[in-house]
Amino acid sequence: MMKKLVLSAVLAGLMGATAVSAADLTVAMQDDPDILDPHRANTFVGRLVFASLCDTLFEIDTSLAIVPRIVSEWTWSEGDTVLTMTLRDDAVFHDGTPITAEAVKANLERAMTLPESNRKAELASVSGIEVLGEHEIALTLEAPDAAFLANLTDRAGMLISPAAFDTPPAGGVVCSGPYKFAERVQNDRIVLEKFADHWDADNYHFDTVTFRPIPDATVRLANLQSGDVQIIERPAPNDMATIEGDSNLVFDLVTGLGFYGVNFNMGNGERSQSPINQDPRLRKALELTIDRNVINDVLGAGTYPPAYQPFSSASWAYNPEFDGGGRDIEQAKALMAEAGHETVEFEILYANNSAMQSLFELVQAMASEAGFQIALRPMEFAAYVAEREAGNFEVSQFGASGRIDPDGNFHRYLACGSAGNVGNYCNDELTALLDKARTINDQAERKALYDEAQTIAAEDLPALYFYYTPRTWAYRANIEGFTSYADGVLRLAGVKMAD
Amino acid sequence: MLQLIIRRVVVAIPTLIIVSMLIFGLQRMLPGDPILTMTAEESNPEVVAFLREKYRLDDPMPVQYLAWIGNVLRGDFGSSIRTGLPVTEMILQKLPITVQLATMAMIMAMLIGIPAGIIAAVRKNTATDYVANTVALSGMSIPNFWLGIMLIMVVAVQWKLLPASGYVPLTQDAWLSIRSMLMPAFVLSTAVAAYLMRHTRSAMLGVLNSDYIRTARAKGLLSKTVILKHALGNALMPIVTLSTLLFGDLLAGAVLTEQIFVIPGFGKLIVDAVFTRDYAVVQGVVLFTAIGFIFMNLVADMLYILINPRLRHPQ
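Going down the list, the protein sequences come from chains Z and W.
Quick note: the first sequence, position 173, residue 173 per the numbering used here, numbers continuous.
Quick note: the second sequence, position 132, residue 1132 per the numbering used here, numbers continuous.
Any given hint could be a false lead.
The calculated DSSO-like cross-link candidates involving lysine-lysine, where the alpha carbons are at most 30 Å apart (straight line), are [as the list claims (entries may be wrong)]:
no.	chain 1	residue 1	chain 2	residue 2
1	W	Lys1124	W	Lys1219
2	Z	Lys194	W	Lys1160
3	W	Lys1054	Z	Lys120
4	W	Lys1229	W	Lys1219
5	Z	Lys105	W	Lys1054
6	Z	Lys120	Z	Lys105
Source of the hints: derived by calculation from the structure; they are not laboratory data.
Take these sequences, add in the hints, and give me the full structure.
Shown next as structure tokens:
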């Protein structure tokens, strides 16, 4: 009897104190973000935190159209080189100082000149900043830059209180978002608390928002099932059925802007000399062996949208005409024979994780049917990045997290001399089209240029696309108002938790 | 005694110099670059060049080494390339977490392993012995990540008894801190408990066959007294030594457990640092550990002398 009493007392004690208030939200992410300074940060997961912590000049809606945020109105000059922005007059930083045109100027200058800034490329076209009034500011661009506003919807357009540029709280930042920084324990949690003076405070319903890095997808899901966290990022595709079968949980999927595939070493050192890199017919043959639907079904459990071009269906630049016709082994063999090869050997370099490992094993198997003999070279991530940069690869994993403006998905990776073009592919005609598309603000005109560029890329085939990044989420069923965006960022406006 | 301490400290200096050179050199032999790894998709040649300059990555290796060791001698372990935080601060933040985890795991392992070993020895070749041995063998062979995930699924998800993951500092909420550490500590303790059980069993078997135990029994002492006082007292010596050694293993081996239960500890710190080529952090952590081990050895030597009078006058 005594034993029983003790046991139940212990159990009761163990169970106590796990109740969480409906006003406290915990979000589990795949990684721990790097530095919480929007001008210096690099990681994708950092953007999830910034969306609640730091307001941006502009914002996107679910269709990726640019909408006002701190900027309430804007106009472009004739020729699209001067952007005049009017700021909201009721926005303040977390330290209480108002957001003025001077503060915006100081932020843009910091992002453009700070030695460690990773925003320089995004703001490279700015040649002058002029404060016109307390809440009015004009930016002069060297040349029209179509991606410019899209860049200002992300970290390049985030505002830090100038008074706290050099004196941030330990591990945090003083921004102006709906939640302010409270605490950070590296590798454990980032805690934000509601900023009552935010101009849109009524639309944000949590007292605190905690971001926790939980790298293992199974463990992330277990934490969601137990109720320790309420929203998880990127659940594993093979857990989708479990989540959908649980009435306490909701699964959410949108096609993202990023992609996965391979790119070829077209001119970076000796290894660009192998047949697959020299002859576009062989690359076309390889393309014909890959069945994207199999990749989607087998690896993605239906969550990996098949990809044939750098723009996903979420982007306005996407053109269904470039989606390939599917698998054709006979035609692949014919192309190889035409190029004078019965078998073609090459090596694929990729970062060693289970998703990429199974993807390239599948690619290896599918391509072998036409006579491709693919050697797989998985490397640990840091080594993989260095090998890619050094040109020490024939064919490499190719992926991008995707940008709102199509320029970030195409120019960066395939224009001559671009920073992300590790295969040194260079086609002057294609580069000229991509350069031109950067300078035009009219979407229809730009789309025509991207279509033309895609036609060239489809002949040269410097890269193959296999699937678009799925943006998946799972959350507790009592979360209301959750909206997913193609950029994979968590925006908490209107999100609340029922008791 | 003072002489011994001085001698040990002097002997430790070349060891530390060699360790410092090894960790510095070996790490740089790995392919990969900290700046490229960190900037990855966003890499901008200008920023990469600035950061390489800032962290002196383009200097010749000996120059980099001397700069680093010079700072270490002044008590500055440098700062992380990835987070910008001072390495010393990162170590001091993570170490107590892993020490708490390892201590709880050690206590559990001793509470499970030693009694199980005694029972198995006393009931040698009975069903109890076989069960204890089978459980011990499972403890050694079940992978921590599997056991961890299973426990989370059952204890946290199904029964909702304990938090599924996370860490709460002891100073903030001691009870919650211990609760959230129970599962990870248990997972970490299984292998150690199994070792302790096996060793206790064999030590006890050796002692139980000796003459003085037979004498004690012949004197008509209670079986309990014979086993717990006379036999265990002598059998415990090798077990205490083993426990001390295993404690070091626990500190280093907590990586997987920390990963599954999302505990921001020492193990995770160094693994992340190696993967991102965060040189200063890896160097700092390894050097710190080396100093810790040398210090612990010194303490152990002194304790031996205090406990064992025969060692007090080596001449």
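To see whether the hints hold, each was checked on the structure:
Restraint check for Lys1124(W) and Lys1219(W): the C-alpha separation of about 23 Å stays at or below 30 Å, so the hint holds. With a C-alpha separation of about 29 Å, the suggested pair Lys194(Z) and Lys1160(W) falls inside the 30 Å cut-off, and the hint holds. Under the criterion of a C-alpha separation no larger than 30 Å, the hint pairing Lys1054(W) with Lys120(Z) is consistent with the structure, at around 18 Å. With a CA separation close to 14 Å, the supplied pair Lys1229(W) and Lys1219(W) stays within the 30 Å bound.
As the CA atoms of Lys105(Z) and Lys1054(W) are separated by approximately 27 Å, the hinted pair is consistent with the 30 Å bound. For the suggested pair Lys120(Z) and Lys105(Z), the alpha carbons sit about 15 Å apart, so the restraint of at most 30 Å is met.
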